[in-house]
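If you're matching them up, the sequences are chains A and B in order. If you're matching positions, the first sequence starts at 2 in the working numbering and goes up one per residue. If you're matching positions, the second sequence starts at 298 in the working numbering and goes up one per residue.
Quick caveat, the hints were computed from the structure, so don't treat them as lab data. Treat the hints with care, since some could be wrong.
[What the hints assert, rightly or not] Partial selection, computed: residues in chain B whose CB lies under 7 Å from chain A:
1) Ser331
2) Ile334
3) Asp336
4) Arg337
5) Ile403
6) Leu405
[Unchecked claim] Here are the simulated DMTMM-like cross-link-like pairs (lysine to aspartate or glutamate), alpha carbons at most 20 Å apart as the crow flies:
7) A/Lys36 <-> B/Glu327
8) A/Lys84 <-> A/Glu120
9) B/Lys349 <-> A/Glu47
10) A/Lys34 <-> B/Asp336
11) A/Lys153 <-> A/Asp130
Cβ coordinates follow ideal geometry from the N, Cα and C atoms, glycine included.
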Amino acid sequence: MTYYPELLRGMWVTSRHFFQNFNRFVGRALGMKVKRPLVTFQYPEERRPIAPRWRGRHRLMLRPDGAPRCVACMMCETACPDKCIYITAGEALDGRVEKYPVAFEIDLLRCCFCGLCVEACPEDAIRMDSGYIDLGGYSRAEFYMDRDFMLKDSALTTHAQYRGELDGVVVTRVDLLAQAKQH
Amino acid sequence: MFIDLGIIVGKIAFVLVNILNGAGILTWVERKQSALISDRIGANRASILGIKLLGLVNSLADALKLIFKEDFVPPRGVRVLHFLAPVFAMAPVFFTMAIIPFGPPIELWGREVKLQILDLDIGMLYILAFGSMAVYGTMLAGWASNSKYALLGGMRASAQMISYEIILGLSLIGPILVFGTLEPGRMVFAQNNYLWGWLPQWGVIMQPVAFLLFLPAAMAETKRAPFDLPEGESEIIGFATEYSGMRWGMFFLGEFAEIVVLAGVMTTVFFGGYHIPFLFDATEKLGQAGFHFPWGAYFPLGEWTVVILRMVAFGVKLSVLMWLQMQIRWTFPRFRYDQLMRVSWREMMPIALLNIAVTGLLVLWLAK
Ligand code: SF4
Ligand code: SF4
Chain A
2 MTYYPELLRG MWVTSRHFFQ NFNRFVGRAL GMKVKRPLVT FQYPEERRPI
52 APRWRGRHRL MLRPDGAPRC VACMMCETAC PDKCIYITAG EALDGRVEKY
102 PVAFEIDLLR CCFCGLCVEA CPEDAIRMDS GYIDLGGYSR AEFYMDRDFM
152 LKDSALTTHA QYRGELDGVV VTRVDLLAQA KQH
Chain B
298 MFIDLGIIVG KIAFVLVNIL NGAGILTWVE RKQSALISDR IGANRASILG
348 IKLLGLVNSL ADALKLIFKE DFVPPRGVRV LHFLAPVFAM APVFFTMAII
398 PFGPPIELWG REVKLQILDL DIGMLYILAF GSMAVYGTML AGWASNSKYA
448 LLGGMRASAQ MISYEIILGL SLIGPILVFG TLEPGRMVFA QNNYLWGWLP
498 QWGVIMQPVA FLLFLPAAMA ETKRAPFDLP EGESEIIGFA TEYSGMRWGM
548 FFLGEFAEIV VLAGVMTTVF FGGYHIPFLF DATEKLGQAG FHFPWGAYFP
598 LGEWTVVILR MVAFGVKLSV LMWLQMQIRW TFPRFRYDQL MRVSWREMMP
648 IALLNIAVTG LLVLWLAK
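Using the sequences and the hints given, assemble the complete structure.
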């Protein structure tokens with residue numbers, strides 16, 4: 002018997018959504034200044050602003066002279082709960098550090114994006130980029146990142162470069178950080 | 298003779314075109330309405346030379362896709378029945394629409410033309426008869442598919458449709474008793490009377506219980522949520538599982554046509570058909586067409602204006618009822634099978650019988 006009042010309540014909720022959005026769409030079509038209809042983002046034209054604390058794909062950092070910061074200490078590989086980091090260490094010949102990663106691979110399909118590798122790193126050599134939401138690919142191989150990819154190609158997107166579009170207005174990470182500070 | 302024939306053909310064409318268009322547009326309405334309910338935009342990607350028409354082009358694309366898709370008949374399926382099942386599901390719907398009056402009788406070339414294809418004395422029985430014909434569509438589809446799951450789906454669908462067919466029939470008896478006629482045209486006419494001189498005698502006011510029973514039963518007949526157990530698209534193996542291409546499309550076009558037709562029946566029986574309260578034509582209020590309000594105000598209108606207003610009113614009522622059905626479909630959760638049967642047999646059935654009894658007693662008592 003409690004079922005029937007709930008049905009009416011449900012109708013009320015859905016009808017409210019319907020008319021609210023309908024009026025806003027019609028208002029917009031007529032060129033009136035009304036609120037944005039509550040709609041999803043039209044990906045890929047519009048991108049959802051990413052929260053400042055979002056952590057995405059891994060990146061390997063460089064020293065100022067362009068050498069990788071990583072000293073192949075295996076801390077991250079040890080810390081990784083999913084065992085998806087594979088490092089092959091080689092002896093560094095320049096004498097400044099002992100080892101460097103000959104190969105450094107992460108299998109993103111196994112990674113749970115916990116960030117423990119970033120925490121574990123004593124050299125601040127591995128970070129997680131916050132710009133990415135489109136971790137997609139057509140084959141498993143595309144999720145297997147090697148050292149050079151993480152050193153060079155994945156570093157292209159930085160915080161400030163991320164741009165999303167929301168309702169025709171370009172939103173940058175900088176704006177978002179500013180917004181986040183206000184709260 | 299030729300004029301008569303022409304009028305009939307014209308009426309049939311008018312109704313057919315309207316149902317087919319209505320069903321086609323409903324596929325679009327459904328996508329857009331569900332989108333608005335859940336804060337999305339809905340179909341908006343397909344375009345012809347950049348023209349999207351608010352997503353209407355998507356429906357065209359859907360139709361093209363269905364037409365060119367492979368038309369699959371399962372091996373050792375019964376070919377002929379497999380072919381006929383969608384026809385059986387769709388055709389009765391169109392027949393039902395034939396007796397719905399969509400406008401008042403008008404005078405054309407010296408003849409009285411009823412805006413109704415078929416003027417049957419037993420109209421309500423005709424509606425029920427063709428309504429139950431649709432069961433053949435689902436049952437044959439299940440049988441002809443040579444698949445046990447589809448057969449079970451067809452059985453389930455038939456059981457559901459028969460259960461709700463009974464409620465449909467019982468709930469129509471109330472209005473029949475009140476208006477004292479089986480003929481839709483006269484029923485509509487009777488609804489232009491007024492209780493105590495001001496309350497329109499619409500079916501929904503005279504028989505609210507019957508309406509509350511008719512609406513869910515009618516929705517169960519369309520096999521759409523919350524009664525979509527026969528064909529749960531992605532989750533339930535239903536009677537139409539072995540169908541593809543346009544013959545699958547016919548089942549669903551039939552469903553949408555059914556929405557239009559049921560809205561038509563509901564308008565006729567419960568919402569005064571083409572009537573607008575207090576709008577009379579020349580025959581009804583001593584030769585004065587126009588609005589006659591009970592407090593004596595009178596607003597004259599031309600005879601043809603009244604006719605057009607009434608046809609528009611019919612269209613508006615139809616649209617609102619279709620909107621309501623869509624809204625219900627996108628709000629309520631699906632019933633479980635035992636709940637479905639319980640609602641029909643143990644909750645709606647006694648209420649329907651009680652309604653008939655009470656209505657009958659009241660009619661008898663008032664007639665004295
Ligand atoms: S984020 Fe977690 S799971 Fe992924 S590589 Fe780093 S430690 Fe492993
Ligand atoms: S990324 Fe950091 S923790 Fe991992 S091996 Fe290199 S230096 Fe060590």
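Do the hints match the structure? See the list:
no.	hint	in the structure
1	Ser331	violated, 9 Å
2	Ile334	holds, 5 Å
3	Asp336	holds, 4 Å
4	Arg337	holds, 5 Å
5	Ile403	violated, 34 Å
6	Leu405	violated, 38 Å
7	A/Lys36 <-> B/Glu327	violated, 24 Å
8	A/Lys84 <-> A/Glu120	holds, 15 Å
9	B/Lys349 <-> A/Glu47	holds, 19 Å
10	A/Lys34 <-> B/Asp336	holds, 19 Å
11	A/Lys153 <-> A/Asp130	holds, 13 Å
In summary, the structure is inconsistent with hints 1, 5, 6 and 7 from the numbered list given earlier, while agreeing with the others.
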